[in-house]
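Colleague: Chain by chain, the residues:
2 protein chains.
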Amino acid sequence: MEKPAQNTDAQNGQVQEATKASSDGSVCGYDSLHQLLSENLKPHLFQEVNRILLGLNRGKALETISLPESAKALSSGHNFDLQASCFLADKELLREPRIVRVGLIQNSIALPTTAHFLDQKRAIFEKLRPIIDAAGAAGVNVLCLQEAWTMPFAFCTREKRWCEFAEPVDGESTRFLQDFARMYNMVIISPILERDVNHGETLWNTAVVIGNNGNIIGKHRKNHIPRVGDFNESTYYMEGNTGHPVFETAYGKIAVNICYGRHHPLNWLAFGLNGAEIVFNPSATVGELSEPMWPIEARNAAIANSYFVGSINRVGTEVFPNPFTSGDGKPEHADFGHFYGSSHFSAPDASCTPSLSRHRDGLLISDMDLNLCRQIKDKWGFRMTARYELYADLLAQYLKPDFEPQVISDPLLHKKSP
Amino acid sequence: MEKPAQNTDAQNGQVQEATKASSDGSVCGYDSLHQLLSENLKPHLFQEVNRILLGLNRGKALETISLPESAKALSSGHNFDLQASCFLADKELLREPRIVRVGLIQNSIALPTTAHFLDQKRAIFEKLRPIIDAAGAAGVNVLCLQEAWTMPFAFCTREKRWCEFAEPVDGESTRFLQDFARMYNMVIISPILERDVNHGETLWNTAVVIGNNGNIIGKHRKNHIPRVGDFNESTYYMEGNTGHPVFETAYGKIAVNICYGRHHPLNWLAFGLNGAEIVFNPSATVGELSEPMWPIEARNAAIANSYFVGSINRVGTEVFPNPFTSGDGKPEHADFGHFYGSSHFSAPDASCTPSLSRHRDGLLISDMDLNLCRQIKDKWGFRMTARYELYADLLAQYLKPDFEPQVISDPLLHKKSP
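Which chain is which? The protein sequence lines are A and B, in order. Take 29 as the starting number for the first sequence in the working numbering and just add one per residue. Take 29 as the starting number for the second sequence in the working numbering and just add one per residue.
So here's chain A without its partners, still in its complex pose (with noise of 0.2 Å):
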C-alpha cells in the first residue's frame, strides 16, 4: 500500500510530485482534477474553471490558512498530504461567527491483508497515529475517520471470517480515540464496523459520534445499504435502526451519513430537517463504480440542505487472500478496485474545496463558519419553498402496494405510431 509519494505544502496546495499509479481507473496517472488542471492550465483559465467547478462564483480563490509548523513536519515526516483552506460567510450584526475548524483523514490500510488481524488494526492505529496528531496540533476542531477505518474494506469477498473487526461501541478503537479527543479538546467521528452484543452479536456498520471531553455522544447506523451489482452488504450488516441523529456538539450540530446513504436525497433531507449544519459522509467507494458521481452528490447535498458537507473515500487497491469472482461474467480476481480518496468539502453556497489525492493518505482542514448555514436559508429559501405536505402524502400513497403513478397518456397515443 505504501507510495513514494512526497507531500502538497499546505500554503499553497501545490503537489511537488504527482505518483503514476498504474490500473486506479484513470486514464493517465496524475494526483487530482484540481492538480491536473492547476498544472495545465494558464492561471486565468484556471480561475474561471474554478469559478465554476469550485463555485468561486466571486472569481475568488478560497483562502488558505497558516497551520503550525508541527503539523507540517508530521505531514512530511509521515508521508501524508495536509492540505486546508477557508469557507468565507458575511459578517452579522446579532450573532458571532461560529468558525470550526473541521478535519477528515484518508488513508489506506498499513499491512497486507494476509497479516494477523490485530496486527492489521494495530498498525492502521500506528499509521492513523501522527496523522490525528497533525489535526490536534493544526487545532482541528471536529475530525472525521473514514467508513470501517479499523479494517480493509472486506465486503466485497463475502467472507464472514473479516466479521471479527467487528468491535463494541466502547471497543478498542473508540478507547484508541476518546485519548485523542481529550487530548486535542476534538470531537471525533469514528465509523466502525460494530458489534451490538446486547442484541445477539448482530452487525452494523456504525459510526460512533465522541465529544471534545472523551466521552461518548453517541452513535448513528448506516441507512442504506448497498447491493450493486452483487456486491450486498447486506451480507454482513442490515439497514440501520438509529434514525437520523444530529449530535449537538460543543462545536456545532452534525450528523454522518455513511457511504451508500449519499446517493439518497432523502437520507440527506432528513439529517437537514434535524437541523444539522455539518454532513459527514464518510465513504469506500472505487473509481470505475462511482467516480462521476462523486463530486456531485455531496455537493448537491449541500446546496439542497444549507448544510456543510465533508466526504472521505480511502485510498488504494486492497489485495485480498482468496480471488472472488463479482457476479459481472470476468474471471475472479483478488480486488474490489481502487478506491480513489479524493476527500474535500462542500458548503451550501455551492462552494468546495479541492480534493485530496486520488492516491496517498492525507489530512483535509477548513474553517468554515457555521452561521453560513442560516444566511443560504434566509437567501434562497428553499425550506419555505419546499411544499412538504406534497412530497409527505406522495410517499404515503407510494407506500401502498396498489399505488398509481399519476400519468397523464397521450390518447391518440396507440392510433398512429411513429
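Source of the hints: derived by calculation from the structure; they are not laboratory data. Remember, it's a predicted structure, so these values are computed and weren't measured experimentally. Wrong hints could be hidden among the right ones.
In this list, chains with the same sequence are indistinguishable; a pair is considered to hold if it fits within one copy or across any two.
[What the hints assert, rightly or not] Derived pair list, reagent style DSSO-like, types lysine-lysine, alpha-carbon separation capped at 30 Å: (1) K188 <-> K358; (2) K405 <-> K188; (3) K100 <-> K155; (4) K70 <-> K119; (5) K405 <-> K100; (6) K407 <-> K119; (7) K358 <-> K119; (8) K155 <-> K188; (9) K407 <-> K188.
Please arrange chain B on chain A, whose structure you already have, making use of the hints.
Modeller: Below, chain B without anything else, positioned relative to chain A:
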C-alpha cells in the same frame, strides 16, 4: 442580443471562434467549459478530465451522431449552434432498444424589450422557426423550449405590465408549435406564462405538452416558486396545482421540472416515483446567482432517480426600459444579469453531454436509449434501498408545528466550553 458568432460543427464539437462577451459573469471570455478545456489541455488529459466531469468512466468519448446537411445549413444560415451526441446503453435480450432523439433549444430574445409586445413575441417565433425546423430535419422526437420562451424574463422588474404576455394553454404560442409537432411528428414541450381565464385570469408558470399529432396532451404548472433575495416570482404566479404528472407520449414517459424546482430533490423524486424516463428542466437563471449549481443539480437528479434530464437555460442579457433595484443595496440597474445558457443532458449512469454555449442560441440533440433507466435501477437498486417509509413518517412529523428534531446533545456540552 445578436452576437457575431460562428457556429459549432455538430460532428466534432469544435467551436471555431469563441465569442468574447463582456459582463457575462466569467473572468475571461470563453464559450463553454468543455470548449475551454478541450482547447487548453492535451488530449490525454482532456480525456481524463472528461472521465470525471462528463462521467465517461470507460475513458470513451460520447459518440457523436451525424445530422443531415439540411439541419447544418439551418444552423450556419441562422447563427445558432448545433451539437449532437449519443448516450450508450447495454443491449438487452428481452427488450429492443428504445432509442429516442431528444432536443433542447436555448435562445436569447429577438427584439429590445422596448418593442411592442406583439412584435417581441412574433420576433421570437420567427427566430425559433429555423431552429425548430433544424430539429425536425434532424429527426428529433421530443423537443423542449426554454422557460417562458415567448417573452423576456421580466419578473425581476416587478412591473405588472409584462403579464400581458400570458396566454391560455391553447393560445397563439401553442398553435404555433402544434403545426411543427404535426409536421415533424414530434412531441414539443412549451413552457409559457399561462393565463387561466376559467379561474378568474389566474397566471401560472406552465409547461404545455404537445403530442406528436399536434394535440395538447396536458400541462404542468411550476411547483416551487423562487423567492431568492428580493427576486420573488410569486408577484406574478403562485405554486402549481398540477402535482407531478408524467406524460406518456409516443416516445416515452416525460415530465417537466420547471426552473427553481431543480433545487428541490423531492420535486425530482416525485417525477421519478411517477415513472418519468426523461425530465426536462427549462430554466432562466443568471451567472452570479446559480452558475456553480448548474452542473450539479441536474446530474444529481439523473443519478438519484435513474432517469435522463434535459437542462435548458436562456442566453444573453435582457435590458428593461425602467431601472430597478434588487434589494441588495446596490444602485438601480436595468438587467437581471447574464443568462449563461449551458444547456445539457444528464444520464442515469452519471454521464452527461458537453453544454451548449454560454452566449449563443443553440440546439442540443442527444440520442438516448430509455432502456438505460431500468438497467441502472437493476444495477444500483436505489428504489429498493430507499426506505421510503422512514421518510413518509419523518415528513408527516415535520409538518406538525410542534415537530421536535432528532437531536442527541452532548451531556457535557455546558460543563467545559471549548
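Colleague: As a check of your reading, is K188 near K358 (CA-CA no more than 30 Å) within one copy, between copies, both or neither?
Modeller: within (23 Å within a copy, 64 Å between copies)
Colleague: Within a copy, between copies, both or neither: which one fits K100 and K155 at a CA-CA cutoff of 30 Å?
Modeller: within (16 Å within a copy, 60 Å between copies)
Colleague: As a check of your reading, is K405 near K188 (CA-CA no more than 30 Å) within one copy, between copies, both or neither?
Modeller: Between copies, since 28 Å is at most 30 Å while 46 Å is not.
Colleague: How would you classify K155 and K188 at a CA-CA limit of 30 Å: within, between, both, or neither?
Modeller: within (26 Å within a copy, 66 Å between copies)
Colleague: Measure nothing new, just compare the shortest in-copy and cross-copy C-alpha distances for K407 and K119 to 30 Å and report within, between, both or neither.
Modeller: Intra 14 Å, inter 47 Å, cutoff 30 Å: intra-copy only.
Colleague: Taking 30 Å as the upper bound on the Cα-Cα distance, should K70 and K119 be classified as within, between, both, or neither?
Modeller: Result: close neither inside a copy nor across copies, 33 Å intra and 43 Å inter.
Colleague: If the cutoff is 30 Å on CA atoms, where do K358 and K119 land: within, between, both or neither? Let me know, please.
Modeller: between (57 Å within a copy, 18 Å between copies)
Colleague: Measure nothing new, just compare the shortest in-copy and cross-copy C-alpha distances for K405 and K100 to 30 Å and report within, between, both or neither.
Modeller: Neither: 37 Å inside a copy, 46 Å across copies.
Colleague: Within a copy, between copies, both or neither: where do K407 and K188 come within 30 Å Cα-Cα?
Modeller: between (50 Å within a copy, 24 Å between copies)
Hints 4 and 5 from the earlier list are contradicted by this structure; the remaining hints agree with it.
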